[in-house]
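Take the sequences, apply the hints, and build the full model.
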Amino acid sequence: MDIVQKIIQAVEPSLVAMGYGVVQVKLLDGGKRRTLTVMAERVDGTPMSFDDCTEISRTVSALLDVEDPITTAYNLEVCSPGLDRPLTKLTDYSRFVGEEAKVETIFPVEGRKRFRGVIKGVEKDKITLVMPEGEAHIVFPQIRTAKLVSTDAVLKNPNVKK
Numbered sequence: 001m002d003i004v005q006k007i008i009q010a011v012e013p014s015l016v017a018m019g020y021g022v023v024q025v026k027l028l029d030g031g032k033r034r035t036l037t038v039m040a041e042r043v044d045g046t047p048m049s050f051d052d053c054t055e056i057s058r059t060v061s062a063l064l065d066v067e068d069p070i071t072t073a074y075n076l077e078v079c080s081p082g083l084d085r086p087l088t089k090l091t092d093y094s095r096f097v098g099e100e101a102k103v104e105t106i107f108p109v110e111g112r113k114r115f116r117g118v119i120k121g122v123e124k125d126k127i128t129l130v131m132p133e134g135e136a137h138i139v140f141p142q143i144r145t146a147k148l149v150s151t152d153a154v155l156k157n158p159n160v161k162k
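1 is the number of the first residue of the sequence shown in my numbering; add one for each residue after it.
Among the clues, some could well be false.
[Said to hold, decoys possible] Label pairs and their calculated CB-CB ranges:
#	residue 1	residue 2	range
1	GLU133	THR46	35 to 41 Å
2	GLY134	GLY45	32 to 38 Å
3	LEU90	GLY134	31 to 37 Å
4	GLU133	ALA62	46 to 52 Å
5	LYS113	LEU27	39 to 45 Å
6	THR35	GLU67	17 to 23 Å
7	GLY98	GLN9	31 to 37 Å
8	LEU90	VAL149	16 to 22 Å
9	MET18	PRO132	38 to 44 Å
[Claimed, not checked] Mimicking DSS-like on lysine-lysine, the simulated pairs with C-alpha atoms at most 27 Å apart in a straight line are:
#	residue 1	residue 2
10	LYS113	LYS26
11	LYS89	LYS32
12	LYS89	LYS102
13	LYS89	LYS120
14	LYS32	LYS6
15	LYS26	LYS126
16	LYS126	LYS147
In case anyone wonders, no lab produced these hints; they're calculated from the structure. Ideal Cβ placement from N, Cα and C applies to all residues, glycine included.
As structure tokens, then:
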């Protein structure tokens, strides 16, 4: 298990109990100190506030002080997903059916690695995107990165936390 997975395992149960969902965790090397970024959202659909980020930061700090998965100095950043929300879990694709997304795969799928289209649906672990040139069927484990595309439709969608 890599360090990011250990961090998620250490903090996610407490954040879920507090009413937050973990969207993404990144640990980046940067000069003298690493940066740990925890991206979270409220599960009740309410937009994230500064107070939410502060509460998450305090909780994550306390949990990581106990677990100590990062052995060197680091900075902790807590943020909300924003409009270009990353799609990191299979359930994200079901939640955002009808929204436009950019997807990059690890290996070529149907001869390409980059896709932009509307999420049509999810069947088992396969995501279907509708693009001007047709449909693409991408198996979830093959996705390197994916995010929603900021459009007027995204701004009007109540499932997107702004």
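Cross-check of the supplied hints:
As the Cβ distance of GLU133 to THR46 is approximately 38 Å, the hint placing it in 35 to 41 Å holds. The supplied range of 32 to 38 Å is met by GLY134 and GLY45, whose beta-carbon atoms lie about 33 Å from each other. Checked against the given bound of 31 to 37 Å, the beta carbons of LEU90 and GLY134, roughly 23 Å apart, lie outside it. For GLU133 and ALA62, the hinted distance range of 46 to 52 Å is satisfied, since their beta carbons lie about 50 Å from each other.
A hinted range of 39 to 45 Å for the beta carbons of LYS113 and LEU27 is inconsistent with their spacing of about 25 Å. Range check, THR35 to GLU67: about 18 Å between beta-carbon atoms, so the 17 to 23 Å window is met. Between GLY98 and GLN9 the beta carbon distance is about 32 Å. The supplied range of 31 to 37 Å therefore holds. The hinted window of 16 to 22 Å between LEU90 and VAL149 holds, with their beta carbons roughly 19 Å apart.
Between MET18 and PRO132 the C-beta distance comes to about 42 Å, which sits within the given range of 38 to 44 Å. Our distance criterion of 27 Å between C-alpha atoms is met by LYS113 and LYS26, whose separation comes to about 22 Å. Taking the CA atoms of LYS89 and LYS32, the gap is about 32 Å. The hint is violated against a cut of 27 Å. The straight-line distance between the Cα atoms of LYS89 and LYS102 is roughly 15 Å, inside the 27 Å bound, and the hint therefore holds.
Under the criterion of a C-alpha separation no larger than 27 Å, the hint pairing LYS89 with LYS120 is consistent with the structure, at around 16 Å. Between the alpha carbons of LYS32 and LYS6 the distance comes to roughly 22 Å, so the proposed pair stays at or under 27 Å and holds. Simply put, LYS26 and LYS126 have alpha-carbon atoms about 25 Å apart, close enough for the 27 Å limit, and the pair holds. Taking the CA atoms of LYS126 and LYS147, the gap is about 16 Å. The hint holds against a cut of 27 Å.
Figure legend: structure checked against the earlier numbered hints; hints not met, in rising order: 3, 5, 11.
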